[in-house]
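Read top to bottom, the protein sequences are chains A and B. Quick note: the first sequence uses the working numbering, first residue 1, plus one each step. Quick note: the second sequence uses the working numbering, first residue 1, plus one each step.
Check before you lean on any hint, since a few could be wrong.
[Claimed, not checked] The calculated DSBU-like cross-link candidates involving lysine-lysine, where the alpha carbons are at most 30 Å apart (straight line), are:
hint : chain 1 : residue 1 : chain 2 : residue 2
1    : B       : K47       : B       : K116
2    : B       : K33       : B       : K116
3    : A       : K47       : B       : K33
4    : B       : K33       : A       : K116
5    : B       : K116      : A       : K33
6    : A       : K116      : B       : K47
7    : A       : K33       : A       : K47
8    : A       : K116      : A       : K47
9    : A       : K33       : B       : K47
10   : B       : K47       : B       : K33
11   : A       : K116      : A       : K33
12   : A       : K33       : B       : K33
It should be emphasised that the hints constitute simulated quantities derived from the structure, not laboratory data. In this text the structure is predicted, and so the values were computed from the model without any measurement.
The chain contents come next:
Protein chains: 2
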Amino acid sequence: MTPEPSPARRSARSHRAILDATFELAVRNGYPKLTIEAIAAAAGVGKPTIYRWWPSKGALALESINERMGTATDFPDTGDVVADLAGQIDNVVRLFNSDVGAVYRGVIAEAQGDPKVAAAVRETITEPRTRQCRARLDRAVAAGQLRADIPARLMVEQLYAPVYYRFLLGTEPLDGFDARATVERVLDGLRPRH
Amino acid sequence: MTPEPSPARRSARSHRAILDATFELAVRNGYPKLTIEAIAAAAGVGKPTIYRWWPSKGALALESINERMGTATDFPDTGDVVADLAGQIDNVVRLFNSDVGAVYRGVIAEAQGDPKVAAAVRETITEPRTRQCRARLDRAVAAGQLRADIPARLMVEQLYAPVYYRFLLGTEPLDGFDARATVERVLDGLRPRH
Numbered sequence: 001m002t003p004e005p006s007p008a009r010r011s012a013r014s015h016r017a018i019l020d021a022t023f024e025l026a027v028r029n030g031y032p033k034l035t036i037e038a039i040a041a042a043a044g045v046g047k048p049t050i051y052r053w054w055p056s057k058g059a060l061a062l063e064s065i066n067e068r069m070g071t072a073t074d075f076p077d078t079g080d081v082v083a084d085l086a087g088q089i090d091n092v093v094r095l096f097n098s099d100v101g102a103v104y105r106g107v108i109a110e111a112q113g114d115p116k117v118a119a120a121v122r123e124t125i126t127e128p129r130t131r132q133c134r135a136r137l138d139r140a141v142a143a144g145q146l147r148a149d150i151p152a153r154l155m156v157e158q159l160y161a162p163v164y165y166r167f168l169l170g171t172e173p174l175d176g177f178d179a180r181a182t183v184e185r186v187l188d189g190l191r192p193r194h
Numbered sequence: 001m002t003p004e005p006s007p008a009r010r011s012a013r014s015h016r017a018i019l020d021a022t023f024e025l026a027v028r029n030g031y032p033k034l035t036i037e038a039i040a041a042a043a044g045v046g047k048p049t050i051y052r053w054w055p056s057k058g059a060l061a062l063e064s065i066n067e068r069m070g071t072a073t074d075f076p077d078t079g080d081v082v083a084d085l086a087g088q089i090d091n092v093v094r095l096f097n098s099d100v101g102a103v104y105r106g107v108i109a110e111a112q113g114d115p116k117v118a119a120a121v122r123e124t125i126t127e128p129r130t131r132q133c134r135a136r137l138d139r140a141v142a143a144g145q146l147r148a149d150i151p152a153r154l155m156v157e158q159l160y161a162p163v164y165y166r167f168l169l170g171t172e173p174l175d176g177f178d179a180r181a182t183v184e185r186v187l188d189g190l191r192p193r194h
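Full structure from sequences and hints, please.
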């Protein structure tokens, strides 16, 4: 006889089903057409269950994106700051060009008219990675590879802004982005002056 | 006795009234709520008149933004490339922080799900200014102030991406953007190597 699943296990299954349904429906129909009703139906839960865990479809979509980014956006530290950053940015570009990017683009569009979604984008996606990137840059500063008088947050802005610029404005193809050359040019302007 | 306005003059008046109504309604109600119906009513014209001149509300809003940018986004040439670019970027930041920026933000959001609007953003706003900026950078290259082996379009990307990054992601306050320091850091990475 199969034992009844415990409430905690049922809850974990629902949580998982909601996140999976969110991502799948956002990819299939486009983020603007995603609704909490459709997610609830696909995940086999009630809407109140979803709202108990997430305040909005934006927050839910961001969590589903974030878990799919996984460790691909972590920052290695081989001592070679150009190679470490370029490798990480290559991973970001690959993600932006995938289904993850398609959903993320929809959430960023919604964020332009909804400050709560905009805050969720920063809290879930950009800020944790900015902190990680700053830690990597701080070590490069400590190693004498970068100027100590430039706030690391401004270095992060210079490194990631070109990726977002192409992603959101389509000025150039994102898959033609040369992360290594860009990181080299940006960091060349941030070297200590002798 | 007042003469009847000529058809050409009536047409010019309608054109003007449509553009003004577009911008005013987009600012008042927010770009997402802007409709061709409401513009037609406010401008005292029929919808077919609007569609004869503009393919979409996005194209119309972009023209109303573009004319309000006026000469503020032109590139001076005083010989000092840092000062010239920083002054222009200061003007861009000021525009992005104004009603013009509020409407532009709405159009960029719409562009994320509409390739025609995305193309109109590039054709109306970014490409003409990118061409102007490239011309200014080309003169700095010719004057030996910048590297000749970096495509000017990549220099433009590095210069303007941080402004759009703050504007669209809100990672830092846009009005705290130090255009001069940013241009200096970016161009320091683009100097000829001796």
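Results of checking the hints against the structure:
| no. | hint | in the structure |
| --- | --- | --- |
| 1 | K47/B with K116/B | holds (20 Å) |
| 2 | K33/B with K116/B | holds (19 Å) |
| 3 | K47/A with K33/B | holds (27 Å) |
| 4 | K33/B with K116/A | holds (19 Å) |
| 5 | K116/B with K33/A | holds (19 Å) |
| 6 | K116/A with K47/B | violated (35 Å) |
| 7 | K33/A with K47/A | holds (17 Å) |
| 8 | K116/A with K47/A | holds (20 Å) |
| 9 | K33/A with K47/B | holds (27 Å) |
| 10 | K47/B with K33/B | holds (17 Å) |
| 11 | K116/A with K33/A | holds (19 Å) |
| 12 | K33/A with K33/B | holds (17 Å) |
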